[in-house]
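Asker: The chain contents come next:
Number of protein chains: 4
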Amino acid sequence: MERSSAIRVIITGGTFDKHYDEVKGSLTFKDTHLPEILRFTRCTVPIELELNQLIDSLEMRTQNRLQVLEACRRSPERRIVVTHGTDTMVETAEVLGRAALGKTVVLTGAMVPYMVTNSDAVFNFGCAVTAVQQCTPGVWIAMNGRVFRWDVVRKNRDLGVFEPKEEP
Amino acid sequence: MERSSAIRVIITGGTFDKHYDEVKGSLTFKDTHLPEILRFTRCTVPIELELNQLIDSLEMRTQNRLQVLEACRRSPERRIVVTHGTDTMVETAEVLGRAALGKTVVLTGAMVPYMVTNSDAVFNFGCAVTAVQQCTPGVWIAMNGRVFRWDVVRKNRDLGVFEPKEEP
Amino acid sequence: MERSSAIRVIITGGTFDKHYDEVKGSLTFKDTHLPEILRFTRCTVPIELELNQLIDSLEMRTQNRLQVLEACRRSPERRIVVTHGTDTMVETAEVLGRAALGKTVVLTGAMVPYMVTNSDAVFNFGCAVTAVQQCTPGVWIAMNGRVFRWDVVRKNRDLGVFEPKEEP
Amino acid sequence: MERSSAIRVIITGGTFDKHYDEVKGSLTFKDTHLPEILRFTRCTVPIELELNQLIDSLEMRTQNRLQVLEACRRSPERRIVVTHGTDTMVETAEVLGRAALGKTVVLTGAMVPYMVTNSDAVFNFGCAVTAVQQCTPGVWIAMNGRVFRWDVVRKNRDLGVFEPKEEP
Chain A
1 MERSSAIRVI
11 ITGGTFDKHY
21 DEVKGSLTFK
31 DTHLPEILRF
41 TRCTVPIELE
51 LNQLIDSLEM
61 RTQNRLQVLE
71 ACRRSPERRI
81 VVTHGTDTMV
91 ETAEVLGRAA
101 LGKTVVLTGA
111 MVPYMVTNSD
121 AVFNFGCAVT
131 AVQQCTPGVW
141 IAMNGRVFRW
151 DVVRKNRDLG
161 VFEPKEEP
Chain B
1 MERSSAIRVI
11 ITGGTFDKHY
21 DEVKGSLTFK
31 DTHLPEILRF
41 TRCTVPIELE
51 LNQLIDSLEM
61 RTQNRLQVLE
71 ACRRSPERRI
81 VVTHGTDTMV
91 ETAEVLGRAA
101 LGKTVVLTGA
111 MVPYMVTNSD
121 AVFNFGCAVT
131 AVQQCTPGVW
141 IAMNGRVFRW
151 DVVRKNRDLG
161 VFEPKEEP
Chain C
1 MERSSAIRVI
11 ITGGTFDKHY
21 DEVKGSLTFK
31 DTHLPEILRF
41 TRCTVPIELE
51 LNQLIDSLEM
61 RTQNRLQVLE
71 ACRRSPERRI
81 VVTHGTDTMV
91 ETAEVLGRAA
101 LGKTVVLTGA
111 MVPYMVTNSD
121 AVFNFGCAVT
131 AVQQCTPGVW
141 IAMNGRVFRW
151 DVVRKNRDLG
161 VFEPKEEP
Chain D
1 MERSSAIRVI
11 ITGGTFDKHY
21 DEVKGSLTFK
31 DTHLPEILRF
41 TRCTVPIELE
51 LNQLIDSLEM
61 RTQNRLQVLE
71 ACRRSPERRI
81 VVTHGTDTMV
91 ETAEVLGRAA
101 LGKTVVLTGA
111 MVPYMVTNSD
121 AVFNFGCAVT
131 AVQQCTPGVW
141 IAMNGRVFRW
151 DVVRKNRDLG
161 VFEPKEEP
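Chains as they are written, first to last, in my numbering: chain A, 1 to 168; chain B, 1 to 168; chain C, 1 to 168; chain D, 1 to 168.
Bear in mind the hints are in silico, worked out from the structure with no lab data behind them. Just so it is clear, the structure is predicted and the values come from calculations on it, not from any experiment. Do not rely on the hints blindly, as some may be mistaken.
Identical copies look the same in the list; a pair holds intra-copy or inter-copy alike.
To be verified - Below, simulated DSS-like cross-link-like pairs (lysine-lysine); rule was C-alpha separation at most 27 Å, straight line: (1) LYS155 to LYS103; (2) LYS30 to LYS103; (3) LYS155 to LYS24; (4) LYS165 to LYS155; (5) LYS24 to LYS165; (6) LYS24 to LYS103; (7) LYS165 to LYS30.
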């Protein structure tokens, strides 16, 4: 049974959770930083963390997106945040959006890993946690301080920001 | 004339903006960290920063709160974030709430200064920036991942968290 | 029996180890950050940590300095780093220096707490760990990238730096 | 003419100075972080920064090492720190060591970039700045809190630490 205001956070990896592997000398995945983030942000909303996958979103295939969709379907909480790589966040949002889940799903991520100086990860997570409590059922993307409906947003790869598909 | 989606951030200091003064060996105010924060969070919402005062909220008097109220009144933007010390955030929210401004005002702050490890400042600011775009006109407090209406919230000083005045 | 190259680190607190107490809203002592620092600096020199006291060096009395002296005397390691507040570091160095311990003792500290952005704590600790292995027996202060003998150094309180007592 | 105690820092890049490129989503070089590091470490030793190259040490060829050697030769300062990738730091140290420069040269680097949480860069730099002032002329490596002569050290790639070539 759903706790009225609880949020499920479905973790898929992305730049947000990348980790510096000092033996390989490169950015890889090891574990999620969300438990640490929940601690110091002093978030009192009940949050269920679910490690769905740890993957660079450029390497996501249909199967990976269906795995996210399935987790959203199974979620007893009707408010869901999905952490996701930015490169194909819009594609996964479309898969979730077309599924008509009847839940509020907010995707977010980061341009710079949480572990790197000047990361946008914690700011974006704050935006997503708030958006998921305020928005009506549907699928949304929270990036750059804005909240976009899944079908009217694109990533501008040159600028590294999310923007409306058609300028208003 | 108001730009449709612009946000005014009215800065009053508080723990959020405290700075370590290495000569005095204590936390004081020097300047706001908001311009730096806006840069690395990659926020694309148009934001006007207004340095209203830099003060510990325990030292705020009626005059200080009226100075915030006046800034909210003058603001051409109808969406306003106020950074504020947590100790008397509820008192200032009440002054703004009773004034019936017809604007959306969200107060936020931090339990740990932005300059200190494990600060909640950036997370809270992300929450406030999102809340101010989603909430209806009125006065709100965004802390601990939650958004409270000004007249139903209090700070629990023992736990260091904001909570509903009467448990629902 | 002494391990040939081992170092004892005697911790006394000072700005180095100050911690932000979010309930009091001020900088206090809670515990030392040295175990964490030893981990991420990947220091492979055998190091014994000894928590001697956690105190602001402005509040140190004769008894506190004798407690440091006693710890240096008891130390089986002949190479000792003392973390210490900067305000009376020179006074404690004098107490240790006059005691003719026949060991190499290096005092260090920080102008900005380890927990605060742009701290000099980790840099200074690196300097002290290296100085204690390189210097001859005697008492030294490692601050500002320099190593001073205890009897030719003073803290310039206006500039917040350590400097030779008589300019060379 | 040499200022008596001045240090030249010859920058070659390495993990120490790697930067997160948010468009490419990978670690590359953009600029050195040494000016920033010198500021917050409050180092009062006169330091000349020289940007020699910005390169991953795995990609260093003979020509790159000769470029470092030439910079050491030209240096009016007789105390030189070289920041360098760890993977071939020993090889460059050998080139410098065999050249019998008559100067004190200390190579250092980092296992984790300065820009990444829990970096060893600043600690190692503190070690190197101190070692270069304490060591006799010759070529040294300062890593893991230890100072090694160039011809008795190797990098243990499995553990990611520097160690004596033959255990003492």
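Asker: For every hint, state whether the structure bears it out.
Answerer: We went through each hint and held it up to the structure:
1. LYS155 to LYS103: within (24 Å within a copy, 31 Å between copies)
2. LYS30 to LYS103: neither (30 Å within a copy, 43 Å between copies)
3. LYS155 to LYS24: Between copies only: 14 Å across, 30 Å inside.
4. LYS165 to LYS155: Cα proximity of LYS165 and LYS155: one copy only (9 Å, versus 42 Å across).
5. LYS24 to LYS165: The answer is between: 22 Å across copies meets 27 Å, while 38 Å in one copy does not.
6. LYS24 to LYS103: neither (40 Å within a copy, 34 Å between copies)
7. LYS165 to LYS30: neither (34 Å within a copy, 32 Å between copies)
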